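Participant: These are the residues of each chain, in order.
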Amino acid sequence: MKMTGTQAFMQCLEEENVQTIFGFPGGAVIDLYDTIFQQDKIHHVLVRHEQAAVHAADAYARVSGQVGVALVTSGPGATNAVTGIATAYLDSIPIVVFSGQVPTALIGNDAFQEVDIVGITRPCTKHNYLVKDIKDLVPTIREAFHVARTGRPGPVLIDLPKDVMAAIIDFPAKTPVKMRTYRPTYAPHPGQIEKACKAILAGKRPVLYIGGGVILGNAHEQLTEFAYKLGIPVTMTLMGLGGFPGTDSLSLGMLGMHGTYFANMAVAKSDVLIAVGARFDDRVTGRVDAFAPDATIIHIDIDPTSISKNVEVDIPIVAGCKEAMEQMNKWLDASSFDLETEKAKLGPWHDQIKEWKTKYPLGYVEETDVIKPQFVIQKLHELTQGEAIITTEVGQHQMWAAQFYHFNHPRTLITSGGLGTMGYGLPAAIGAQMAAPGRTVIDVAGDGSLQMNIQELATAMQERLPVKIALLNNNYLGMVRQWQELFYDKRYSATPMEIQPDFVKVAEAYGAVGLRATKPSEVEPVIKEALATNTLVLMDFVISREEGVFPMVPAGKATTDMLLV
Amino acid sequence: MKHTISVLLQNKPGVLSRVTGLFSGRGFNIESLSVAEVLEPGVSCLTLVTSGDDGIVEQITKQLHKLIDVIKVTDITETDNVEREMVLIRVKAEATTRAEVLRIADIFRARVVDVSPRSYALEITGTRAKIKAVCELLKPIGIQEMVRTGIIAMTRASKKL
Ligand SMILES: Cc1ncc(C[n+]2csc(CCOP(=O)(O)OP(=O)(O)O)c2C)c(N)n1
Ligand SMILES: [Mg+2]
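Protein chains in written order, with our numbering: chain A, 1 to 565; chain B, 1 to 161.
Be a bit skeptical, because a hint or two may be false.
Unchecked claim - Straight-line distance between alpha carbons at most 25 Å, and here's what the computed DSS-like set of lysine-lysine pairs gives:
# : chain 1 : residue 1 : chain 2 : residue 2
1 : B       : K72       : A       : K309
2 : A       : K354      : A       : K269
3 : A       : K309      : B       : K66
4 : A       : K2        : A       : K135
No wet-lab data here; the hints were simulated from the structure.
Being a predicted model, the structure only gives us computed values, none of them experimental.
Just chain B, same shape as in the assembly:
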């Protein structure tokens, strides 16, 4: 099953390869990975999506925790979480389809970030499901290029007072 793992780590050379090595060493694929410095200088947050046997993922999570540069590891698959991904999509926009592209963009609250006579570049943020839906609608019109940030996620705060 798919697991979303969030890792807080010290941003030092080689840290990323220590993390990914635990996956590649077991023949596990990383489906998406996003990492950037947050809050404190020198501390990065990494969000990683992988799929595999639950027991092995649990083992990897423990191993991640054991890495000297890792501060905190959470498998947020099971917890109630907010997850987002951003994509940039360049879609063909000929005279006949320009309006259609804009309408789809509007429905999904996408923003037009680049305009040319024959294409639009859209910026869309959302869950995996939302992004999949947009892609499916735009595909028949003609997707020319696409980049994604990879998923980032955060657990929801407790609703109790």
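So that you can see chain A by itself, here it is in the shape it has in the complex:
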């Protein structure tokens, strides 16, 4: 069938089962928007800033497991999208971003609203493309979705010159994407599986250390089965939270800089460390040579470049997390080992962990006259039965959400881990709510971060999304202030927020509901009211201003050198 580039574009999105795209128009994409206007299969969400379009698409992908899609215009539209793309890149999130571009004849001419977005995003995309010929359009879009979702997922950008999109083609029939140079490995090497299982069975103090790969690779069931089979304690990175039930007795919670005492101790004293879909990030390892010094390290990852990057690995397994855990479960079942006996052997290790858990549980000092942020998160957990999707901004509030919400399910903590992008949470909540219309979605926000994309209140209202915002308002760029308190003699340079809007009124100005709590007794009623309201509600919790996030491993220290309060 003959059609224009813009029509072929829509057809490709349908082919990929895309239902929602997030975008913002402009001259270079005006024809595309004209085509979008004339169809009703794909819903377009008009954001208020291109960064938000990409964050929303990214969160949509994190919640649904499908590829998220964003559309922006050339020049400033494309550069505004870059932070969103880098955010998705660092967390390996499958999205496809389409940017408009000036007509091919003008490329390289410093034309109006021209930037070399392919050049700019080369280091922060998994791959990117400039389509210079209409006949490449459809194959490129198909390839882009394939690249974004397979292997270690990631963002892909396609730059679409205006004249290419206006040209006419015969829509080519769908054929499976075949790429000569890109064939990710999912199946683990059987020899390595056996080696790993034997090393684990030989260990007395095993720990599973799981990351975002477990969630991206849909491996949580297989991983949970494995942990239960041998009774192995599990610790999670920020990105791995929800990959194993956080309320399970085998859960050690999060590890690393703001991890629990017992998670960091368990890893430090372990004799077998099984890293699954995690990448030994510096926020996790602290001083590298003191990270699990006595352990045989097994590393399962789909990306060979992650292996032995920061920490020397003894048994590497390049494979999908799901496939690898499946094979390890099978190996154990088929082996002559009696799993109950093996499990019993870990008794002393569990006793040791219990001792650490009792000695320094995760906690905070409760107060009666001022709201503690941790208390707010605990109440959110309680009143949502732990079943909400939580998005976060970046800062102390993000860490409190990670520590105290005890995520039980994958794809329920939606947070910018790798890049740590302030302003992520609200657009992410929009994307999350679009992907899961019936669910409770709460953006746990900080006062600094929320103001980085606060304009997205309009997007949420326009889409009638009943997103909730739980603002932990300390009137500070709190996380930076905490570092200044601890390591810079309390010189609070540029962290107090001297002028703040009245957030309740801001919400109201957008037609949403604003609620405020200033006393602990008001926390529960405010949350209850918000949850009972079927529209956007911003809850402004005025919290103890100088609360810190603890435990804390100072940057560059060994993870056993924790500041506990």
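Position chain B with the ligands against the provided structure of chain A, taking the given hints into account.
Facilitator: Just chain B with the ligands now, with coordinates in the frame of chain A:
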């Protein structure tokens, strides 16, 4: 230490900058780079010399492999390899030194590719060491201009039957 890396890649716009970006992004310098289409249309072979910490070079090698357009990557530093570079050198050749230049050219099996009343242009092919040696001998006579192709290299085939 110096590393010679050989990369087989699909010859598409932007590929070279994807490759070099992995080096520049880490503040690594590329000492020499040579790239051209080989055998199959659309497939190029790139030879690159860099120096840096072994661990980081290994990491870069893995990252290179991950690039979508890259077919094959080999760090041929450690392996037994044949490496060659070609240089064109214009040397001053006055009446008193013309014979000397030709003699040096002869010893190193260089070819004279351009002649003028006051200079010779020589073409020399060889290893880094050989080229360095020629340059040192010609320097006192007067090198006016020089261009080099950058190193290309290939691993030696197994000698076993
Ligand atoms: C875009 C961006 N700029 C700067 C930072 C550095 N930074 C990290 S946390 C933080 C403070 C965040 O303040 P707020 O949102 O109020 O959260 P709080 O720590 O107070 O809970 C800053 C400035 C960042 N992560 N992202
Ligand atoms: Mg704050």
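Participant: If a hint holds in the structure, say so; if it does not, say that too.
Facilitator: Right, here's what the structure says about each hint:
| no. | hint | result |
| --- | --- | --- |
| 1 | B:K72 <-> A:K309 | 20 Å, holds |
| 2 | A:K354 <-> A:K269 | 14 Å, holds |
| 3 | A:K309 <-> B:K66 | 14 Å, holds |
| 4 | A:K2 <-> A:K135 | 12 Å, holds |
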